[in-house]
Structures are given as structure tokens and as C-alpha cells.
Amino acid sequence: MASCVRLTVFLVLLCSPFIVDAVSRDNFKRCDQSSFCRRSRKVEPGKTPYQILPDTFVPNESVATVDLFNKDTGVTYVLQLTLLKESTFRLHINEKTPLHPRYETEYALHDQPQTDKFDTVEKTAESITLVKGQNKVVLYVNPFKVDLYSQGVLTISANARGLMRFEHLRTKPERPEQEENAEGAEAAPPPPPPADINNSTYPGDGADSDPGAWEENFKEHHDSKPFGPEAVGMDFSFPGSDHAYGVPEHADSLALKSTKSTDPYRLYNLDVFEYETNERMALYGAIPVLYAHGRERTSGVFWHNTAETWIDILSSADNNIVESIVNLVSGSPKKSQVDAHFMSESGVIDVFFMLGPKPLDVFKQYTVLTGTAPLPQMFALGYHQSRWNYNDQDDVATIAETFDMHDLPLEVMWLDIEYADSKKYFTWDARKFPNPLEMVHNLTAKGRKLVVIIDPHIKRDNNYFLHNDATSHGYYIKNREGKDYEGWCWPGASSYLDFFDPKVFEYYVGLYSLDKFHGTTNDVYIWNDMNEPSVFNGPEITAPKDLLHYEGWEHRDVHNINGHMYIRATYEALFRRSGGSLRPFVLTRSFFAGSQRFAAMWTGDNMADWNHLRVSYPMCLSMAISGFSFCGADVGGFFKNPDSELFIRWYQAAVWLPFFRQHSHIETKRREPWTFNEETTQIVREALRLRYSYLPLWYTLFREHEVNGSPVIRPLWTEYPSELETFTIDDHLLLGDSILTRPVFQSGATEVAVYFPGEGKVTWYDIDTMRPYQKAGYVNIPVTLHKAPVFQRSGSIVPRKMRIRRSTVAMKNDPYTLVVMADNNGKASGNLYIDDEASFEYRHGKYLYLKLNFDGSKITSSLIDKLASYETQSWLERIDIANPPQGVKSAQLESNSMGKVALETTYNPHNNVLTIRKPAVNMGEEWSIELLR
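For the sequence shown, the residue numbers in mature numbering (1 follows the signal peptide of the UniProt record, and there is no 0) are -22 to -1, 1 to 911.
Source of the hints: derived by calculation from the structure; they are not laboratory data. One or more of the hints may lead you astray.
[To be verified] For lysine to aspartate or glutamate, the following EDC-like pairs were computed, each having C-alpha atoms within a straight-line distance of at most 16 angstroms:
{"id": "1", "residue 1": "K424", "residue 2": "D339"}
{"id": "2", "residue 1": "K63", "residue 2": "D89"}
{"id": "3", "residue 1": "K235", "residue 2": "E257"}
{"id": "4", "residue 1": "K110", "residue 2": "D89"}
{"id": "5", "residue 1": "K790", "residue 2": "D814"}
{"id": "6", "residue 1": "K481", "residue 2": "E529"}
{"id": "7", "residue 1": "K844", "residue 2": "D792"}
{"id": "8", "residue 1": "K765", "residue 2": "E903"}
{"id": "9", "residue 1": "K197", "residue 2": "E396"}
{"id": "10", "residue 1": "K878", "residue 2": "E904"}
{"id": "11", "residue 1": "K456", "residue 2": "D479"}
{"id": "12", "residue 1": "K836", "residue 2": "D858"}
{"id": "13", "residue 1": "K896", "residue 2": "E882"}
{"id": "14", "residue 1": "K424", "residue 2": "D385"}
{"id": "15", "residue 1": "K739", "residue 2": "D715"}
{"id": "16", "residue 1": "K20", "residue 2": "D241"}
{"id": "17", "residue 1": "K739", "residue 2": "D801"}
{"id": "18", "residue 1": "K456", "residue 2": "D372"}
{"id": "19", "residue 1": "K836", "residue 2": "E882"}
{"id": "20", "residue 1": "K313", "residue 2": "E257"}
{"id": "21", "residue 1": "K765", "residue 2": "E657"}
{"id": "22", "residue 1": "K410", "residue 2": "E396"}
{"id": "23", "residue 1": "K402", "residue 2": "D439"}
{"id": "24", "residue 1": "K461", "residue 2": "E529"}
{"id": "25", "residue 1": "K739", "residue 2": "D792"}
{"id": "26", "residue 1": "K765", "residue 2": "D744"}
{"id": "27", "residue 1": "K110", "residue 2": "D125"}
{"id": "28", "residue 1": "K456", "residue 2": "D858"}
{"id": "29", "residue 1": "K481", "residue 2": "D524"}
{"id": "30", "residue 1": "K805", "residue 2": "D833"}
{"id": "31", "residue 1": "K896", "residue 2": "E908"}
{"id": "32", "residue 1": "K20", "residue 2": "D186"}
{"id": "33", "residue 1": "K829", "residue 2": "D843"}
{"id": "34", "residue 1": "K101", "residue 2": "E39"}
{"id": "35", "residue 1": "K25", "residue 2": "E39"}
{"id": "36", "residue 1": "K896", "residue 2": "D792"}
{"id": "37", "residue 1": "K150", "residue 2": "E193"}
{"id": "38", "residue 1": "K150", "residue 2": "D188"}
{"id": "39", "residue 1": "K896", "residue 2": "D843"}
{"id": "40", "residue 1": "K481", "residue 2": "D447"}
Predicted model only: the values in this text are computed from it and were never measured.
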């Protein structure tokens, strides 16, 4: 659903939801309207006031500690550099004696990071050097700088441009007549400089002179800023890198663009109504991880800070004219480099350096810190049908039945806010949904599920149990005066639970128990929306920054992790509801680093136009490399009405995004797959069946992500890191390393340009025709309305299920087909993961993880994890081998249960495919099939 963007239209919205034409930009800040962003961006490069005090250096086996001094302010900081496992270093900087504690980010990390031991530590008057294997860190004394080396190559530099800013806490300057109201607070004079520093002027950092340092207004909203300026920032340089990626969420290209002449990228979780594409404006979620990639290596930084953050990006393409002329005259080659500048409103400097050197290495290093997504239930990877709103339970039943009438698979029906009694969550509208249990049981009888929405705004209604409980126990977020904060959202006057309070967490978790949330079962799952939080009458459509959370932390400190805290509680509630047996499914709109541990996400309130279809790929790819693979976009567009062509192309593209849901605004036309014409229904049916046939691959990849952090969907440069052209391609994606798709993103297209990576060493096979493409680079591929380009890589084996039924529950025991694409050496391999598709028993060894291999003459299936076991009824129905060996007459199966069995083969000379039909061996066995000439 969408939020309104102006308080002036809020009352109209309550009565009649509406659609506008574009985002109202003046509702959201620019950098020059944000005091801390202005101040941080004005730091002059090359003039850093920070320097290390080497005599304070205290090493131990994993952590190096030293004081850092600002010679402009006389403030001393404590710097800690920690060596972690997986070629990762952590830099932490905080005031040595702050006026009061500064917020340290919690809940994003999966666990306490595991430390490692330095091999050597060396200190000189100029630097401190710490070495671990092929990795090295050098802390330079004056001016302060941190250089990180990987395999002997300078990979990341921190504060190389001298843009670090750490605004120390201070008391507010008072006019004489105000001193008597200052409660005895008196600004302490700056400390004397250390003996080895020849500076005693202390000109200060200039923060107090900024008009927004101690209080700030935006439109009609006032931010009291009681603690004054407390911004932190640091620059990072990546020598040898061509592009930067990450810092989602933005409706922009995958490769980050230069911000030299524009606003920086912004991370501040906001409800942006009808957001525009090709924009750096903040959206619903924030993940402050950035990757830099070049032909030789990939590295990254994770800025561990939950406050509002802006990021400037520069690259070697931003070199000034003089520098370019000098390079041209001297004949010096152009040096690739990416520079980033992170600026946050509050908190401390806490940054993780991930040294790669390969893309999958650095993605693993990040997910070791923030966690991976738990394996979802199989149903979650199928097709979801949603709308704001299905009218009543008869409407839900009719839609589900019509899917069966049209032979269309469906996993989940969704209910938006209108199902609840007056938008009071954990209740039902008794007129529209008089018997929700009957509705749920009718769905589950056919293997389907129900998802209902639960938003964070709590209706302020004295007849609502949740509001009364929260009021009486003090569970709401407080305003600056310590009273329950009241904002406006869908129910009208609303308040918001404080999920940072452990008591609130436990209370909320209990609301989902089946004896409290009546009308639900373990087959009802949850959608958390509006959790930025969205506040219609708040500054920038969200909560004021000076609200107070548990233990007195301001909302400005924790804003970007608010949605994360909400879904954390929801996930735990669903986990406990089933007694820890079933894997929860939660969908979230707002998120932070680590949110992948609790939910899937979608790209919010998009529009039914070609640009929004196109941007769904870079948005989800950016999420995937940032640890959050379970991403999707509203199929067909949330706002406006797609024509049949756009509708078809959206389905064909969405087949290859992890989360696959159609959803639309309350004022749009009905758009179930059968609502256009028979041809559209047929093509959508083909797309849905294609998705379901590949569910074994999707499921395997999600399990592998959980184990090793590899993204489920990937940009091309992830697997082909030295191919320069792939660096900016974001209208293609790879599913794992074996499937390449390039959807149609333009109306009326008769062909599309497909980039085939692999530099001619890889053959790509059309998944329908088995036609091979070995030419490297771009090839124009013809398309029809029925067909969008999808290819399988040579050297891969992909498991599929070709019997498509109404739901994944019905397909659970169906047989498998293996699609083998032999490479130039006649070989191929792949993996297959199988379990019960629903429970956590797989974490107790109840699964099969199989290695599928073809060596040119024999196909084998062997157990990767010998200690694991699972009894499956699925069997092997068929094997297709493209580019097979010549002259095969038959095949012979060998397994423990079946012994040796002769198998028939057929060869199709038109597409050069050898087929082995019905080997009929159980997939839980180890087996081999030898090709006989």
C-alpha cells in the first residue's frame, strides 16, 4: 500500500485513497537542507586535523588501541583496530571522555565477530603496521590515515583525502541571560595539547556556527536537537577500482554514479509516495555497505551506523581537466580509483573493511558479519497474489478457485489493511471476514497459504486492547516531553510500539499466539509494511528525530534500524507460534543491514510503467549483493494500470526475481492473470510454469546462500570479474552461476541485445530451443511476446521439475529432470538440495545435498554431506544432455537398490540433445548412469 505525502490531503486520503502523478520532492530534504550533511560536505580535503599519538599505542594479539587527537579542537579519541576472521578488519573510533554516551549500533550484526591474531606488529614514529598473512594495515601518525593491503596491493585507504569529521559532544553556548536556566551546565575549556604537538590555538570545528547545529526546522517541523552537533564521517578510497556498488535502497543503476555535481546518495528510511526512477533519494530501507570492483579485485566497507547517512561517490572519471592533461602529456595510464565519503548524523565511527579479493569472497565477508537468510519454505518461492484489497472472504475464495479454473499455480493469497476491524491489527472485520478460519482452511486444503498485513501504527482507540495495553504499560515511543508520541497513519491518530524495549518485544511476540490472534493458524504468515516508520504528519513522512526510545536513545540515533526491530519481533513471534518447528515467512518494506535474517523485502510502491519494470533488476541486484537476496517488485506496478504487453513482460522478468508477487493499489483495475485476454492469460501461465519448473534450483541456491553467503541472483561481474563491459550491465542477471536472463524492458521490442559473458570460452544455450551461443559480447536476440531471452551456461547441470501443479505442496514428491549443458570438454556439474520444504529439521541433518556430475561418459549423483539423510519420494524422470558425446546407443543405470538397469536413449539431431527417459532411481540414492556407444 502507499502512504499519503501531504498532511493537507490526509483527511481526503482516509475517505478516498488516491493516486498522484509523481513524488513530491519538497517533502524530503536535500543535503543543503540538512545541517550535518552541509557541515560534513564542507570539510576541505587534504587538511585533516587528526593525528595519532603513538606513545599511547597498546597492542594485543587481536586489537590495536591508540589515541587519536584533533589539533583543531583539542579533543582526544580512542581508536581500536581489530583483526577479524575472513580477511576483515574493524576500525572503531569514539571520544575518549564524551560528555555522555554516544549510540553504538546494535542488532545489525549476526553475532559477535570472531577475532584473529596478528602475525606481526611494528611501531615507528611515523606509522603502526599490523600484518596477518597476505593482509596488512598501516596506521599513519600525522596526518592520520589507514591503508589496508591485500596480497601486497593497496586495496582501501581511510581518510586518505582527509575528510574525517567527528563532532565531539559539547554543551550548548548560552547567552548571559540564559545561563541561569542552564542547570549549572558549563562548557569545559579544551584540554591542553599533548607535549609533542605545537598547536595551542584550538580554532574549533565550526559546527556551532551552522544555524542548524542546535535546533533545526524543515517545513513546519522543528527538531529540538538537545545534544547539538554530533556528526561523524570518513572518506574511503579504493585504488584500482572502476565502479562502486551497494548502499541500497535507491531506484537507480546498480553501478553507483558520481555525486560530484549532485546530492549524495541518502540512507534514511522513508515512505516515498510514487518514487521516481534514476534517483538517489532515500527510500524505504538502508544498508550502508559499499563495494568497489575492478578487474583485479573486489573489496568493501560496511559503515555500522543506524543514523541518517549520506554518501558521496567519486571515481577516476571525475578527474579535473588539468590532471587529465598532465596524464595525457606524460603518457601515464589513467589510474582507476573509486572514492566514497560516508556522513552520518550521530553515533560513532565503526567501520568494517572487507578485503575480498574476489566478489564472492567479499559478499561472504559481509554476511559473516550480518548473517544470511534462513532457508525459506518452498511455498515462499512460488507465486503470490495480492491486492489492496480483496473485498471479503468470498472474494478470496473466488480468486483462488479461478486460478485453478485457468490452470495457474498459486501459493499465497494476501490481505491488505482492509481485512482488520477499523485498521486495528490482530482483529478481523466481522462483516467482511465473518469466519477467517474457514477461509484459511479452504486455502490450505489445496496446499496454499494466507498472508495478512500487520503495520506498526497502533490505533489510539480506548476500545482496542492493544492500545490500552501499550498505554497502561508504557510500551509506546515517547516524545521529547516523555509522553506517548502521537502521529497519524491509516487508522488516524496512532502511536508506535518501542521495539527496542525487551518488555515490548516479548509482549508483541505473544500477540501472534494462536489463542490470541483468533482466526489464524500456522499457515497464516505476516506482511510488515509502513515500518520506516511512516507517519503522515511527521517530518519527511516519518517520525521526529527527537523522539525517545528505550534507555533514552533518540530516534535520530536508531531511525534506520526501526523497521529491522519490527520484523525481528515478527519473525520470533512466528517461530515461537509453531513451537520452533516451521520456518517463518515475513515480508518487510523497511530494512537495515542484517534484516535478511528475518524477512523478504520488496521495492515498495512502484508504478505500472516500463522504467519501473526496468529498475526492478538493479534494485534487487543491489539488495542481493548487500546480503539480502529475497527481493522482489510488485508485478505489474502498484500504481496505475499496465496494458497487456507491460503486464506480460513484467511476469517474464519477475520469474527471475526471488520474491514473486503481484500487488496493486486499491484504485487500480483488477489485474489477475485472466483479466486481459486469453493470449495474455496463456503467456502468464507459461511464465508461472517456467518459474515453478526451476524451483529446485531456486531452493538449492537459497540453501547455499544460507551456508556461504553467496547471492542467489547476481550481477554478471560477480562471475566474470575481469570483463569490463559487465561492470555496468544491470538489465541482465544470473541465477546462481548457471542461468542468464535478459528480459524485455521496452514496448514493441522485436529483439534485445544480450551480453554473453565468458570471453568466448563459455557457450550459452537457449533454455527452450537448446540453441548454443558461443560468441562473446553483445548479440541481438529476436523476441516475441511469448518469449524473453533465458540461457543456461555450458558446464552446468540444472535440476528442474516439469510437472506443474496448483502449488508446491502438490509438487513435493514429483520427479526431477536434469538439464545437462556439456562444455567444450564434454563436462558439466551442479548441485541439488532436498528436504521437507517447511520445517527446521534440515538443521538437524534431515536433508540431502547432492553433487551432480557429468564427466563426458558418465552422470553421477553423490552425497556432498555424508552425515545428512532424508527420505524423499521423488525420483529421476529424465535427463537432457546438450552437446553430448557422439554415437551413444544406450545407457546403463547403477545404484544400490536397483543394481544395473539398461536405459533407452534418444537423440535429437536438430538441437543436438541426448535424452535419457525414466531412469526411475530415487533421488535419495547415490547412482551413476554410463553412456554406452
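Against the structure, the hints come out as follows:
no. : hint           : in the structure
1   : K424 with D339 : violated (42 angstroms)
2   : K63 with D89   : holds (13 angstroms)
3   : K235 with E257 : holds (10 angstroms)
4   : K110 with D89  : violated (23 angstroms)
5   : K790 with D814 : holds (8 angstroms)
6   : K481 with E529 : holds (12 angstroms)
7   : K844 with D792 : violated (24 angstroms)
8   : K765 with E903 : violated (37 angstroms)
9   : K197 with E396 : violated (32 angstroms)
10  : K878 with E904 : holds (13 angstroms)
11  : K456 with D479 : holds (12 angstroms)
12  : K836 with D858 : holds (13 angstroms)
13  : K896 with E882 : holds (9 angstroms)
14  : K424 with D385 : holds (13 angstroms)
15  : K739 with D715 : holds (15 angstroms)
16  : K20 with D241  : holds (13 angstroms)
17  : K739 with D801 : holds (9 angstroms)
18  : K456 with D372 : violated (41 angstroms)
19  : K836 with E882 : holds (15 angstroms)
20  : K313 with E257 : violated (28 angstroms)
21  : K765 with E657 : holds (13 angstroms)
22  : K410 with E396 : holds (9 angstroms)
23  : K402 with D439 : holds (9 angstroms)
24  : K461 with E529 : holds (15 angstroms)
25  : K739 with D792 : violated (35 angstroms)
26  : K765 with D744 : holds (11 angstroms)
27  : K110 with D125 : holds (14 angstroms)
28  : K456 with D858 : violated (63 angstroms)
29  : K481 with D524 : violated (22 angstroms)
30  : K805 with D833 : holds (5 angstroms)
31  : K896 with E908 : holds (14 angstroms)
32  : K20 with D186  : holds (14 angstroms)
33  : K829 with D843 : holds (9 angstroms)
34  : K101 with E39  : holds (15 angstroms)
35  : K25 with E39   : violated (33 angstroms)
36  : K896 with D792 : holds (13 angstroms)
37  : K150 with E193 : holds (11 angstroms)
38  : K150 with D188 : holds (13 angstroms)
39  : K896 with D843 : violated (26 angstroms)
40  : K481 with D447 : holds (12 angstroms)
In summary, the numbered hints that this structure violates are 1, 4, 7, 8, 9, 18, 20, 25, 28, 29, 35 and 39.
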